[in-house]
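S.K.: Here are the chains, one letter per residue:
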Amino acid sequence: MSDASLGGAAPSQPKKSSLLVQDARTKKRNAAESRFKVYGMAAVVTGILALVLLLASILSNGLSAFQQTYVTLEIELLEEKLDKSGERDLSVMRKVSTFGYAPLIATAMGKKLEENGIAIEGLSTKQAGAIISKDAPAQLRNFVLANSEVVGTTQTFELLANGRIDGYLKGRVTMETAALDKNVSPEQLLLTDALQELGTLEKRFNWSFFTNPDASGQRPEAAGLGVAILGSLYMMLVVLCLALPIGVAASIYLEEFAPKNRLTDLIEVNISNLAAVPSIVFGILGLAIFINFAGLPQSAPIVGGLVLTLMTLPTIIISTRASLKSVPPSIRDAALGIGASKMQSVFHHVLPLAAPGILTGTIIGLAQALGETAPLLLIGMVAFVREYPAGPPEGFFDPASALPVQVYNWTQRSDPAFVERASGAIIVLLVFLLIMNAIAILLRRRFERRW
Amino acid sequence: MPVLWIIVTILVLAAVGYVLGRQRAMSAAGGDARVLHSLPNYYGMNVVLFTVAPALLIMVTWLLVQPGLIESRVASLIPESAISEDSSLSLVMSDVRRIAEGLDTAVAEGVMTETEAGAIRAETTDVRKVLGEVGVALGSDVEATTLQASQSFRAMSASLGSWMTVVVLGIAALGLGISVLRTHKDFRARNTVEAAILALLIIASSIAILTTLGIILSMLFETRNFFTQYQWTDFFFGTTWNPSFSGRGGASELGIIPLLWGTLYISFIALLVAVPIGLFAAIYMSEYAGPKIRSVAKPLIEILAGIPTIVYGLFALITVGPLLRDYFAAPMGLGQSSSSVMTAGIVMGIMLIPFVSSLSDDIINAVPQAMRDGSLGLGATQSETIKQVVIPAALPGIVGAILLAASRAIGETMIVVLGAGAAAKLDLNPFEAMTTVTVKIVSQLTGDTDFASPETLVAFALGLTLFVITLGLNVLALYIVRKYREQYE
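Top to bottom, those sequences are chains A and B. When we follow numbering that gives the first Met the number 0, the leftmost residue of the first sequence carries the number 0, and every step to the right adds one. When we follow numbering that gives the first Met the number 0, the leftmost residue of the second sequence carries the number 0, and every step to the right adds one.
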């Protein structure tokens with residue numbers, strides 16, 4: 000509060016308050032002021048802390064998914080086990096199932112232990128063989144069927160270790176938990192230590208996490224994101240091919256041509272409402288219209304793409320309209336003034352100038368679509384898919400998974416190793432989103448024009 | 000001919016038409032483009048338009064109508080006796096389709112010739128075995144009538160398919176011919192092309208209306224089916240949710256009240272977290288923070304809005320849930336469940352922070368500076384100005400933002416699927432697992448679903464309820480925000 004009389008001649012009634020000494024009320028008001036400011040700061044800090052906590056939790060759980068434990072073994076591919084006839088006839092060799100291959104691995108493991116003099120009390124050969132993934136016999140079989148000439152020789156293989164052994168190396172499984180766990184024993188962990196010292200067993204970068212398809216609940220170590228990444232890619236292609244042209248066309252009409260009438264109003268209200276409709280409702284729409292009515296196959300990327308297109312359209316329309324609006328009318332006037340038609344002025348002049356903004360909006364819309372899960376659950380993308388979809392265009396109709404749905408799928412499994420996989424998949428998803436958003440920001444920085 | 004090849008043929012025709020149309024126009028003008036009404040390219044575009052548009056339109060309609068037509072014809076071939084007690088017409092029809100596909104595969108792999116596929120009889124051949132060899136597994140042995148139906152299914156699709164090729168390509172050629180002949184130097188090609196483009200633009204923008212219509216109609220239709228099988232009063236006023244799945248017997252109880260309670264409880268906690276934090280963050284950033292802090296903090300908080308909800312769901316599942324259980328619920332004796340209303344509510348609140356803060360930020364910034372200056376000039380402190388001038392002025396907008404956040408919370412799915420649990424309960428304890436409308440939509444519609452049972456159809460009724468609630472909130476919020484914007488513009 001200003002006091003104009005300060006510093007002047009002493010007034011007849013001297014004031015008790017002074018600017019230099021705060022009275023109780025001012026103190027209270029100032030305290031309230033700084034308290035209020037602290038609340039604001041606390042709110043901002045809380046928000047940022049939540050972000051940090053979220054990212055830290057995902058990273059700490061998921062980073063280990065990018066490492067995987069492998070065991071290197073020399074395996075003798077016995078002819079009498081794999082190809083009794085000795086004719087290398089593939090149709091005969093196919094009859095040997097993975098059960099025929101499993102003993103080879105156990106034998107090789109036993110031999111390895113013998114050679115190096117590793118003896119662990121209470122550890123049977125079968126248990127020693129069990130530190131290798133249940134997926135390994137299949138890996139062996141595929142290799143043999145692809146190269147039938149190797150039968151009868153001894154080959155070196157890098158096989159996945161069992162999920163629990165992998166967990167031991169990552170600190171998820173300890174001696175205490177192993178004693179309680181019927182899937183792994185402390186003796187197996189001792190063996191793991193011994194093999195690690197030998198260099199037979201080691202942890203390294205997990206490329207197969209990006210390329211492998213999903214695996215069953217028994218073998219988390221073999222589960223990967225291959226099918227999910229491909230499925231998401233297909234869906235993004237569908238969304239890009241449909242949402243961008245439709246969205247741009249709709250925005251051009253609404254922004255440049257639409258007369259002010261009931262229909263236009265209706266469209267505008269619809270678009271702003273669709274932007275706020277819960278995503279799961281779009282899933283119901285997709286299920287009812289695209290699958291039940293139109294008869295498109297379940298779990299297919301085309302259906303997912305269509306549903307996500309409808310979801311992304313409002314985002315793209317809103318951002319495209321904003322960037323069309325930011326092109327100054329003088330551009331249109333100049334084009335019209337030298338004899339261009341309205342359509343020519345829009346397509347030849349306004350649209351190219353608005354293109355960076357449109358692209359930015361589209362990329363952000365795509366990023367949104369990439370992370371969407373709920374509608375995809377309803378159109379059957381939760382199904383367990385192990386086959387890669389074919390190349391486009393048939394691949395659009397093949398069953399596939401999607402990145403976020405794969406995460407959901409893995410959270411529903413009981414083995415704790417899948418939590419690590421799910422967090423790892425989230426990291427992959429977030430990296431994709433980060434890249435897309437970075438491109439959007441770069442585009443905006445590089446090409447944005449202020450008029 | 001497969002659809003892809005028809006499209007390619009049409010496009011080739013169109014390309015030829017473009018060249019023809021352009022040439023014809025140019026020769027009509029004697030090589031001088033200035034004599035033409037429109038630029039030469041428009042004449043080419045005009046021909047392309049007349050070649051492609053009618054042909055594609057006919058093809059799309061044909062493809063939409065054809066399956067239904069064949070279906071009804073084939074369905075009439077199946078005698079009543081072939082539909083056994085425990086199956087229905089739709090099950091038999093799906094068998095028919097599957098066998099037809101199997102025969103297609105068999106022909107494609109060269110196991111049988113086209114004539115053999117049309118002539119085999121269930122009485123003489125073990126169709127199941129034959130199809131099994133080409134990788135099409137059938138659930139049961141093939142009945143004679145089903146096999147015949149599927150053979151006529153194949154025959155009909157083949158003949159209709161070739162008819163479609165002929166008709167569509169014929170129309171494309173016709174369009175090309177007519178439009179090339181129409182081309183002369185005074186033809187107003189640009190006007191035609193532009194009118195067509197405008198029509199395309201209008202169609203594109205009406206997709207928004209079609210989507211809304213599709214949502215409403217599909218849900219209304221299935222909801223009506225549901226209410227023919229289940230009392231609507233029991234649905235809206237029932238206090239137990241206990242669906243029984245076929246085979247276990249007994250009637251299901253499908254009351255929405257416990258689901259709504261869970262939804263609202265979780266949303267309430269989410270708003271309790273998001274509104275104060277979001278609002279204070281918005282106030283701080285628009286009124287106190289300097290440009291430096293603002294340029295760092297605002298994008299950081301907005302990152303939260305760009306994170307997919309499945310990430311929040313996982314966060315709730317693996318971090319927040321166990322944390323709350325071990326440090327709050329279990330020591331206080333409130334529950335042993337890691338998925339709870341509190342877990343889902345807090346995580347959802349975090350998700351909504353940027354939503355509330357950026358909307359409120361915009362709204363607070365829209366309050367005219369003159370109002371702040373007036374208040375500050377009278378000697379109010381900054382916080383007094385905010386509390387007594389800025390917030391009251393921005394209140395309608397802020398209420399709108401909160402309503403939008405509430406509608407987001409009610410419709411949120413992944414966080415509650417992973418964080419809230421699946422037990423439908425009417426309980427006050429926030430550390431108890433409860434469930435929401437969205438969770439139940441997901442659980443009723445995933446996996447094997449039978450679209451004739453009320454247990455599946457109830458998902459559509461739930462979806463419609465959800466849609467109506469969120470739509471109401473959105474319309475109200477948008478109305479308030481728009482009203483408020485007008486006030487200061």
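By construction, these hints were calculated from the structure, which means they are not laboratory data. All values derive from a computational prediction rather than experimental measurement. We put the CB at the ideal spot given by N, CA and C, even for glycine. Do not take every clue at face value.
What the hints assert, rightly or not - Simulated restraints, written as ranges between beta carbons of each label pair:
#	chain 1	residue 1	chain 2	residue 2	range
1	B	G109	A	S59	50 to 60 Å
2	B	D185	A	I434	28 to 38 Å
3	A	S84	B	G109	22 to 32 Å
S.K.: Next step is simple, just say for each hint if it's right about the structure.
M.R.: Quick rundown of the hints versus the structure:
| no. | hint | result |
| --- | --- | --- |
| 1 | G109/B to S59/A: 50 to 60 Å | holds, 56 Å |
| 2 | D185/B to I434/A: 28 to 38 Å | violated, 54 Å |
| 3 | S84/A to G109/B: 22 to 32 Å | holds, 27 Å |
Consistency note: the structure conflicts with earlier hint 2 alone.
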